[in-house]
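Chemist: Read top to bottom, the protein sequences are chains A and B. Residue 201 in this note's numbering is what sits at position 201 of the first sequence, and the numbering runs on without skipping anything. Residue 228 in this note's numbering is what sits at position 228 of the second sequence, and the numbering runs on without skipping anything.
FYI, nobody ran anything at the bench for these hints, they're computed from the structure. It is possible that part of the hints are untrue.
Lysine-lysine pairs mimicking DSS-like chemistry, simulated, CA-CA at most 27 Å apart [to be verified]:
no.	chain 1	residue 1	chain 2	residue 2
1	B	K112	A	K141
2	B	K131	A	K141
3	B	K37	B	K131
4	A	K54	A	K141
5	B	K109	A	K211
6	B	K112	B	K10
7	B	K112	B	K80
8	A	K156	A	K141
9	B	K109	B	K131
Quick list of the computed label-pair ranges, beta carbon to beta carbon [claimed, not checked]:
no.	chain 1	residue 1	chain 2	residue 2	range
10	A	R50	B	E138	48 to 56 Å
11	A	R206	B	E138	51 to 59 Å
12	A	G46	B	F13	22 to 30 Å
13	A	A111	B	A113	31 to 39 Å
Owing to the predicted nature of the structure, the values given are computational and were not obtained by experimental measurement. All C-beta atoms in this analysis are idealised placements derived from N, C-alpha and C, irrespective of residue type, glycine included.
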Amino acid sequence: MIEFTTWDILRNLLLAARWTVVLSLVSFAGGGLLGAAILVLRIGRGRWGRRLAKGYVELFQGTPLLMQLFLAFFGLALFGIDVPAWLAAGLALILWTASFLAEIWRGCVEAIARGQWEASASLGMGYFQQMRWVILPQALKIAVPPTVGFSVQVVKGTALTSIIGFVELSKAGTIVTNATFQPFTVYGFVALIYFALCFPLSQASRILERKLNVAHRNH
Amino acid sequence: MSLIEITEVKKRFGDNEVLKGINIDVAPGEVIAIIGKSGSGKSTLLRCINGLETIDEGSIQVAGAQLLPDEVHLKALRLKVGMIFQSFNLFPHHTVGGNVMLSQMVVKKTPKAEAEAMARRMLDRVGLLHKFDAYPDELSGGQQQRVAIARALAMQPMALLCDEITSALDPELVQEVLAVVKELAREGMTLLMVTHEMRFARDVCSRVVFMHQGRVHEIGPPEEVFGAPKTAELRQFLGV
């Protein structure tokens with residue numbers, strides 16, 4: 001029987017953690033772009049756009065991420081489309097992230113006092129000018145802490161992709177456990193690595209919240 | 001020739017008819033106070049003139065610009081008539097100067113240097129030029145409201161609507177804002193103000209409108225409205 005040192009275990013886990021990081025970044029960036037597009041529809045003036053965006057958000061928030069992953073991976077295969085695990089994982093996470101970010105940001109836009117809309121309207125600004133110059137600059141500031149906070153959920157969400165065979169941190173944990181028969185050590189490390197990724201993010205969110213909110217200063 | 005023509009304006013919120021056929025014509029340079037109990041429709045009327053509320057029937061015209069619900073007509077109307085709010089509504093992410101410059105640059109595409117010069121003139125007019133680089137939350141309520149007036153004036157409107165502009169202010173700050181409004185009136189600006197400052201209405205206004213249950217109940221020069229109220233409702237409102 002081959003002996004595995006602690007360093008062997010940790011090294012393999014860290015190598016796999018790179019994919020957790022990459023997948024998180026891709027999901028967050030892609031989800032952010034798509035989320036922004038959904039936000040535009042959601043707060044826009046087209047009734048059908050609003051409905052579509054609302055439906056999207058409810059669909060992806062109302063079903064487990066795991067089901068979405070299954071559908072992306074096995075579901076598309078049923079139609080003869082062969083989807084590699086990394087693509088299914090990235091796609092599902094992007095769609096899922098977008099639904100949450102769109103909703104978080106909608107809340108931020110709606111948190112801007114009605115008076116700001118009225119004052120800018122009374123000065124002759126059109127909808128897009130109001131958005132561009134008055135509403136979004138203020139909403140953006142409120143949006144930073146919850147957005148950074150949500151990135152923690154994205155990092156943890158990537159763990160689910162192990163189930164469709166994408167080798168990231170969790171999947172690597174399972175593989176290494178099967179080889180070493182040391183589940184406690186291995187999953188202990190896995191948990192620590194996740195914590196090391198998430199803790200700075202949640203800390204950053206907290207600090208940003210305090211910084212952007214000092215005595216309710218808005219500038 | 002009237003500057004503002006309000007003709008048979010009706011407005012409903014659901015089943016509740018808040019304006020039941022309003023007719024008021026305002027001549028250029030007139031200063032009009034709208035008084036009445038809360039719920040009498042006075043704020044709603046003011047908001048309709050600026051297109052912040054749509055109207056169900058009737059028409060509103062300001063210097064030839066008709067109130068219609070599309071963005072092009074609304075913009076044309078709003079360039080002719082500015083509005084000051086009870087809650088100031090300054091843009092908190094801009095400096096005082098930025099507040100006065102923003103809409104000039106965005107809406108009128110005025111070059112920055114020109115917009116800044118205009119902002120300085122207008123802030124000087126309300127006595128706040130020295131606050132050009134301050135942010136709104138560094139100002140007192142009275143100062144914020146004066147900035148809001150400067151911001152509206154910088155768009156060079158033909159008339160100003162003032163919606164209870166001193167109601168959110170501490171008593172000692174009311175006078176500084178009223179002094180600015182009085183100065184505007186003296187310079188010939190057309191003003192329509194919803195107000196609870198009866199003494200100010202009596203001293204400064206050319207006409208007083210008393211609204212009651214969505215109608216213009218009495219209208220006339222202040223001596224008449226305050227001195228010899230004709231209806232029981234107005235007498236009760238004035239407490240005489």
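Chemist: All hints, please: hold or fail.
Modeler: Each hint, compared with the structure:
For the hint linking K112 of chain B to K141 of chain A, the alpha-carbon distance of about 25 Å falls within 27 Å, and the restraint holds. Simply put, K131 of chain B and K141 of chain A have alpha-carbon atoms about 24 Å apart, close enough for the 27 Å limit, and the pair holds. Using a Cα cut-off of 27 Å, the hinted pair K37 of chain B and K131 of chain B is violated, with the two alpha carbons roughly 36 Å apart. The suggested pairing of K54 of chain A with K141 of chain A holds, with an alpha-carbon distance near 24 Å, which does not exceed 27 Å.
Note on K109 of chain B and K211 of chain A: the hinted pairing is violated, with a Cα-Cα distance of about 34 Å set against a maximum of 27 Å. With a C-alpha separation of about 41 Å, the suggested pairing of K112 of chain B with K10 of chain B is violated against the 27 Å cut-off. Simply put, K112 of chain B and K80 of chain B have alpha-carbon atoms about 22 Å apart, close enough for the 27 Å limit, and the pair holds. Between K156 of chain A and K141 of chain A, the direct Cα distance comes to roughly 25 Å. Compliance with the 27 Å bound is thereby established for this hinted pair.
Between K109 of chain B and K131 of chain B the CA atoms are separated by roughly 24 Å; this keeps the pair inside 27 Å, and the hint holds. Checked against the given bound of 48 to 56 Å, the beta carbons of R50 of chain A and E138 of chain B, roughly 38 Å apart, lie outside it. Checked against the given bound of 51 to 59 Å, the beta carbons of R206 of chain A and E138 of chain B, roughly 27 Å apart, lie outside it. Range check, G46 of chain A to F13 of chain B: Cβ separation about 25 Å, and the 22 to 30 Å hint holds.
The supplied range of 31 to 39 Å is met by A111 of chain A and A113 of chain B, whose beta-carbon atoms lie about 35 Å from each other.
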